[in-house]
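Undergrad: Chains as they are written, first to last, in full-length UniProt numbering: chain A, 1 to 193; chain B, 1 to 193.
Any given hint might turn out to be false.
You can't tell identical chains apart in this list, so a pair holds if it fits in one copy or across any two.
Restricting the straight-line Cα-Cα distance to at most 20 angstroms, the calculated cross-link-like pairs of lysine to any residue (SDA-like) are [unchecked claim]:
| no. | residue 1 | residue 2 |
| --- | --- | --- |
| 1 | K86 | Y60 |
| 2 | K11 | N85 |
| 3 | K176 | Q148 |
| 4 | K118 | L154 |
| 5 | K133 | G174 |
| 6 | K40 | D3 |
By construction, these hints were calculated from the structure, which means they are not laboratory data.
Number of protein chains: 2
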Amino acid sequence: MQDLLFDFIAKYISLTDDEKNAIVSLDIFRSFKKGTTLLKEGQRSNDGYFVLKGCIRTYYIISGEEKTTAFYTEMEALTPHCVINKAPSEYYISCVEDTILIISTPDMETEMFSKFPKFESLCRILGEELLVKQQINFDEFKTSSPEQRYLNLLQKRPDLIQRVPQHQLASYLGIKPQSLSRLRARILEKDKG
Amino acid sequence: MQDLLFDFIAKYISLTDDEKNAIVSLDIFRSFKKGTTLLKEGQRSNDGYFVLKGCIRTYYIISGEEKTTAFYTEMEALTPHCVINKAPSEYYISCVEDTILIISTPDMETEMFSKFPKFESLCRILGEELLVKQQINFDEFKTSSPEQRYLNLLQKRPDLIQRVPQHQLASYLGIKPQSLSRLRARILEKDKG
DNA sequence: GTCATTTCTTAACTTAAGTGAACGTATTTA
DNA sequence: TAAATACGTTCACTTAAGTTAAGAAATGAC
Chain A
1 MQDLLFDFIA
11 KYISLTDDEK
21 NAIVSLDIFR
31 SFKKGTTLLK
41 EGQRSNDGYF
51 VLKGCIRTYY
61 IISGEEKTTA
71 FYTEMEALTP
81 HCVINKAPSE
91 YYISCVEDTI
101 LIISTPDMET
111 EMFSKFPKFE
121 SLCRILGEEL
131 LVKQQINFDE
141 FKTSSPEQRY
151 LNLLQKRPDL
161 IQRVPQHQLA
171 SYLGIKPQSL
181 SRLRARILEK
191 DKG
Chain B
1 MQDLLFDFIA
11 KYISLTDDEK
21 NAIVSLDIFR
31 SFKKGTTLLK
41 EGQRSNDGYF
51 VLKGCIRTYY
61 IISGEEKTTA
71 FYTEMEALTP
81 HCVINKAPSE
91 YYISCVEDTI
101 LIISTPDMET
111 EMFSKFPKFE
121 SLCRILGEEL
131 LVKQQINFDE
141 FKTSSPEQRY
151 LNLLQKRPDL
161 IQRVPQHQLA
171 SYLGIKPQSL
181 SRLRARILEK
191 DKG
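Please construct the entire structure, taking both the sequences and the accompanying hints into account.
TA: In structure tokens form, the structure reads like this:
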């Protein structure tokens, strides 16, 4: 499981054995059962998450309805806004599947950054990369229709459509579950004709 | 103009005069006329932008139509994806108004980071903050209707509605200009009744 | 294994966005 | 200054998403 992490990091910077041991000794690998809620609306947490295996999602509850806005799978990181804002969380985070996470806190990061400045570089680079990915994601969302978004998702993250319930996918696509059903039926109909 | 920048930075870290001089000596302040195109689709640029005064926008041209996806105003930064990906740009960047920018390149940043590690911390922190802001922005977009998005924009960035042409605002809201016109008429009608 | 709950789909109806066209009003520019 | 272009609004029509309701299928709890 640790190898997964180190292979990932190796794409960006090289770590000495000392540095690897520093990470391992933090003892930050955690397992969670499917359905576990990691963060609730209103809570003030300092935990950041990095998914080693499995899938977690963020969702809001707006006038009684769950609105899923993001999924995080293998090698993806999520720092909840409440960690940065120091304000109560506006959303929930829970496990879509049995999941293994790395959980970090700002204190731990500060300590690691001062011991090994290389980690701060890593975090800056990962952050910049993420920012760009997310911007392009947002752009695609804005410039396309729900149907195009669904087809796009089919191409780019086909796994999500398998591992995630439809009604969660629907709000992720910005529509209602009924509309997603209809839209899929429409696509199948087109493929036939 | 420099004071604007240093006041902004002061919110995050404190700079010595040496460090301030290092920034000034980079000579990175640039002025542009309204309408100037800073980046075109297909170009490979290494320039990052930080808006000191004015407004710039990113837009795609999709089947002949301009789709504006973002506006950057005072104290906002934009690193185009082509800088990070090292791939040709998929979008255009141009000035909505007469604009004063700071233009940076990865080389300059690397140099500054090694001379003054503090700058890398600053960039990491700004990056994390931006990431969170953008995520929340995206969440709001996904969980609301075009009308709600417009009302939301009226509250959060009322200046944009004044300084930006309607048809650019429309694609920013994910709809056609005609729909924005109609939607505004609808809102006025409601306010009356 | 049975019951209850959740999830997914379908359908009929409502509402709002997309489309194509027309028109008046800036704004450019020749 | 006149013509051309770009911009914003309105309208009629089309298409697709929201809403409400019902029922089938899958999942989970006991």
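Undergrad: Next, verify each hint and record whether it holds.
TA: Against the structure, the hints:
For a Cα distance limit of 20 angstroms, the shortest separation of K86 from Y60 inside one copy, 18 angstroms, qualifies, whereas the shortest one across copies, 36 angstroms, does not. Within a single copy, K11 and N85 get their C-alpha atoms only as close as 30 angstroms, which misses the 20 angstroms cut-off; across copies the closest is 14 angstroms, which meets it. With identical chains, the CA atoms of K176 and Q148 are at most 20 angstroms apart both within one copy (15 angstroms) and between copies (16 angstroms). Within a single copy, K118 and L154 get their C-alpha atoms no closer than 37 angstroms, and across copies no closer than 42 angstroms, so neither meets the 20 angstroms cut-off.
With identical chains, the CA atoms of K133 and G174 are at most 20 angstroms apart both within one copy (19 angstroms) and between copies (19 angstroms). For a Cα distance limit of 20 angstroms, the shortest separation of K40 from D3 qualifies neither inside one copy, at 31 angstroms, nor across copies, at 41 angstroms.
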